[in-house]
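Asks: This is what each chain is made of:
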Amino acid sequence: MLTILFDGIAYGMLLFILACGLTITLGLMNFINLAHGAFAMAGGYITVVMMNRYGISFYWCLPAAFLLTAAIGAILERTLYRWLYQASHLDQVLFSVGIVFMSVAAADYFMGGQQQLINLPPELSGRMEILGVGIGRYRLFTIVVCAVLVVLLQLILSRTRFGSRLRAAVDDRRVAMGLGINVSFVFALTFAFGSGLAGLGGAMGAEILGLDPNFPLKFMIYFLIVVSVGGTSTISGPFLAAMLLGIADVAGKYYVPAIGPFVIYALMIVMLIIRPSGLFARGAGR
Amino acid sequence: MNAISQDVTAMTDSSAATAESRAAKFMKRRNRIRFYEILVWIAAIAAIFVAPTKLLILTEIAILALFAVSLDLVLGFAGIVSLGHAAFFGLGAYIAGLMALHFIAEPVVGLIAAGLVSGVLGFLTSFLILRGSDLTRLMTTLGIALMMAEVANQMAWLTGGADGLGGFTVGPILGTFEFDLFGRNGYIYCLVVLFLVTMIARRLAFSPFGLSLKAIKGNPMRAGMVGVPARRRIVAVYSLAAVFAGMAGALLTQTTSFVSPDVLAFHRSADLLMVLVIGGTGYLYGGIFGAIIFTLLKDWLSVVTPQYWMFWIGLILVAMVLTGRDRLARWIEFLPDRFSRKEAGR
Numbered sequence: 000m001l002t003i004l005f006d007g008i009a010y011g012m013l014l015f016i017l018a019c020g021l022t023i024t025l026g027l028m029n030f031i032n033l034a035h036g037a038f039a040m041a042g043g044y045i046t047v048v049m050m051n052r053y054g055i056s057f058y059w060c061l062p063a064a065f066l067l068t069a070a071i072g073a074i075l076e077r078t079l080y081r082w083l084y085q086a087s088h089l090d091q092v093l094f095s096v097g098i099v100f101m102s103v104a105a106a107d108y109f110m111g112g113q114q115q116l117i118n119l120p121p122e123l124s125g126r127m128e129i130l131g132v133g134i135g136r137y138r139l140f141t142i143v144v145c146a147v148l149v150v151l152l153q154l155i156l157s158r159t160r161f162g163s164r165l166r167a168a169v170d171d172r173r174v175a176m177g178l179g180i181n182v183s184f185v186f187a188l189t190f191a192f193g194s195g196l197a198g199l200g201g202a203m204g205a206e207i208l209g210l211d212p213n214f215p216l217k218f219m220i221y222f223l224i225v226v227s228v229g230g231t232s233t234i235s236g237p238f239l240a241a242m243l244l245g246i247a248d249v250a251g252k253y254y255v256p257a258i259g260p261f262v263i264y265a266l267m268i269v270m271l272i273i274r275p276s277g278l279f280a281r282g283a284g285r
Numbered sequence: 000m001n002a003i004s005q006d007v008t009a010m011t012d013s014s015a016a017t018a019e020s021r022a023a024k025f026m027k028r029r030n031r032i033r034f035y036e037i038l039v040w041i042a043a044i045a046a047i048f049v050a051p052t053k054l055l056i057l058t059e060i061a062i063l064a065l066f067a068v069s070l071d072l073v074l075g076f077a078g079i080v081s082l083g084h085a086a087f088f089g090l091g092a093y094i095a096g097l098m099a100l101h102f103i104a105e106p107v108v109g110l111i112a113a114g115l116v117s118g119v120l121g122f123l124t125s126f127l128i129l130r131g132s133d134l135t136r137l138m139t140t141l142g143i144a145l146m147m148a149e150v151a152n153q154m155a156w157l158t159g160g161a162d163g164l165g166g167f168t169v170g171p172i173l174g175t176f177e178f179d180l181f182g183r184n185g186y187i188y189c190l191v192v193l194f195l196v197t198m199i200a201r202r203l204a205f206s207p208f209g210l211s212l213k214a215i216k217g218n219p220m221r222a223g224m225v226g227v228p229a230r231r232r233i234v235a236v237y238s239l240a241a242v243f244a245g246m247a248g249a250l251l252t253q254t255t256s257f258v259s260p261d262v263l264a265f266h267r268s269a270d271l272l273m274v275l276v277i278g279g280t281g282y283l284y285g286g287i288f289g290a291i292i293f294t295l296l297k298d299w300l301s302v303v304t305p306q307y308w309m310f311w312i313g314l315i316l317v318a319m320v321l322t323g324r325d326r327l328a329r330w331i332e333f334l335p336d337r338f339s340r341k342e343a344g345r
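Residue numbers (numbering that gives the first Met the number 0), protein chains in the order written: chain A, 0 to 285; chain B, 0 to 345.
Mixed in with the good hints there might be a few duds.
Taking lysine to aspartate or glutamate and the EDC-like style, the derived pairs with C-alpha atoms no more than 20 Å apart in a straight line are [to be verified]:
hint	chain 1	residue 1	chain 2	residue 2
1	B	LYS216	B	ASP133
2	B	LYS213	B	ASP133
3	B	LYS213	A	ASP107
4	B	LYS216	A	ASP90
5	B	LYS53	B	ASP298
6	A	LYS217	A	ASP107
7	B	LYS24	B	GLU59
8	B	LYS297	A	ASP107
9	A	LYS217	B	ASP179
10	A	LYS252	B	GLU149
11	A	LYS217	B	ASP261
12	B	LYS53	B	GLU177
13	B	LYS53	B	ASP179
14	B	LYS297	B	GLU59
Read the hints as simulated data drawn from the structure, not as lab findings.
Just chain A, with the same shape it has in the complex (with noise of 0.2 Å):
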């Protein structure tokens, strides 16, 4: 019971570092972006080839993979995604299907389409007792990172001068231009951010969710759930929703496997319909 909350933990903090990037491109940039999924197939990726085919440690390849997404993701943003803001969400969707069909079969063009797997260290490998409970060390590893992480995230968003002009172009991207705040570059750097995150996530999760090059299709549903289910003003909301959504999917995958997946999906239209702005959404939106 404990043992299946905590991996529920683990698998809800790593949804919520894949997912937080989307957080921000779709509250912020008000950008369907469904492509989040192949930037942290990406990391995964990074990470495999990196492992593999190198050898070089996997907690090098971690922050790695975190740079070279973001690099991916700057790139990105400054040659396709930017063009897109004013465009239509039909328009929007259209462009990230179009991404995440390229990834998947580039993913399988250049990785092939097994299942890829990685050797972890052997110190995060294996479970140990605490307190009776089974506690998967690698999962223990996870939510250590991943609350730093989350730690880290809020204090950037609240503290920094960077998280200030954030913030501001969040509320008003009019006003904060006319207060000289580079609200472009605030963009470029923040995608470039959450797309490093996602594939950081991607990298970690490698080990949980499996990397293979449907991934960004296989994902996407959840990332989009963290989302649309936290609301996209707060760092909170979407910890939370994953939170839940991690415990929900793991605990309901072992008490009624037949009906798992079924009751997530219901869940999230039922969350929809009563809240349709998010669950922890502030004030009544816009």
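Please arrange chain B on chain A, whose structure you already have, making use of the hints.
Replies: Just chain B now, kept in the frame of chain A:
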């Protein structure tokens, strides 16, 4: 005094009368059958004789076109971005398969049953898309489609699960026309259904009902203010589109005698959006043109690169959005004037 007021009433009467006749004229002009429409149907019929070896892919096109016409009612007219239209397509496909397996092999009955059941699902789920923004609608429609896929996958005793539903034979159409090996009767059957549905949709789309849908698409709040019951209209058109989508699914089942769980897959909904975008939304025939181009393109790509055609489809999508799909959809205006007046008189 009295004379003046009489004058005024006479004036308002006559201006009301002219406005009415202007409106009638406008509706008539919108409703007029255009030249390219006749060409499309002639070409579709001629294909039976010109390309008797290609009838299977033509059938595929006809089914996709029917599916696209159904989404165009929702997307092009009511302006609802749906990522889960495959839910209705898949339900229709399964219902047709189950009908043929358990009850009656005659396809037309199966077709109608599939349309009705899908329509009921469309009606029930239409209330979920009334609220919220584009994103919420997107999520809800996608969620419904995923739920359907999950149900089909789990209820293996009924649907065959991941192996698909097979082992049924579809009887002759109306008891007389047998499905033949070359797909000739199958194609004619699909074409007839496509024609009927397109005509119904056309009648609807170019009626005041269709105009009111476009008003809702333009601005739901203003549409409400001029007296368009937006919610009821959306429920109506969404249910109807679900009926048509279910029929498209039924046609696929009946022409292939097999239902794979793939009918509910996400890529089917995404492909469908692409079909509509290629052909252009909001004038019904976009679905048909788009289905022709998309199917031929996909067929060609899957011959050239069997495993990686998805990449090129994605690339085309991205390129299309970046060049601006409005520009692409306007190709019809480059035709000579007589063919192209798709919505003359504004």
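Asks: Each hint should be assessed against the structure and marked as holding or not.
Replies: Consistency of the hints with the structure:
1. At most 20 Å may separate the alpha-carbon atoms for a hinted pair to count; LYS216(B) and ASP133(B) meet this at roughly 12 Å.
2. Taken as a hint, the LYS213(B) and ASP133(B) pair is honoured in the structure, with Cα atoms around 16 Å apart against an allowance of 20 Å.
3. Among the hinted pairs, LYS213(B) with ASP107(A) is inconsistent with the structure: their alpha-carbon atoms are about 42 Å apart, more than 20 Å.
4. This hinted pair checks out: LYS216(B) and ASP90(A) have alpha carbons roughly 16 Å apart, not beyond 20 Å.
5. Proposed proximity of LYS53(B) and ASP298(B) is supported: the alpha carbons are some 12 Å apart, at most 20 Å.
6. For the given pair, LYS217(A) sits about 15 Å from ASP107(A) by alpha-carbon distance, which is consistent with the 20 Å threshold.
7. Annotation: proposed proximity of LYS24(B) to GLU59(B) is violated, straight-line Cα distance about 38 Å (limit 20 Å).
8. With a CA separation close to 18 Å, the supplied pair LYS297(B) and ASP107(A) stays within the 20 Å bound.
9. A hinted pair counts as satisfied when its Cα atoms are at most 20 Å apart, and LYS217(A) with ASP179(B) does not qualify at roughly 39 Å.
10. With a CA separation close to 13 Å, the supplied pair LYS252(A) and GLU149(B) stays within the 20 Å bound.
11. For the hint linking LYS217(A) to ASP261(B), the alpha-carbon distance of about 15 Å falls within 20 Å, and the restraint holds.
12. Taking the CA atoms of LYS53(B) and GLU177(B), the gap is near 19 Å; set against the 20 Å cutoff, the hint holds.
13. A threshold of 20 Å between alpha carbons decides the hint, and for LYS53(B) with ASP179(B) the separation of about 14 Å falls inside it, so the pair holds.
14. Proximity of LYS297(B) to GLU59(B) is assessed by CA-CA distance (about 12 Å); at most 20 Å being required, the pair is judged to hold.
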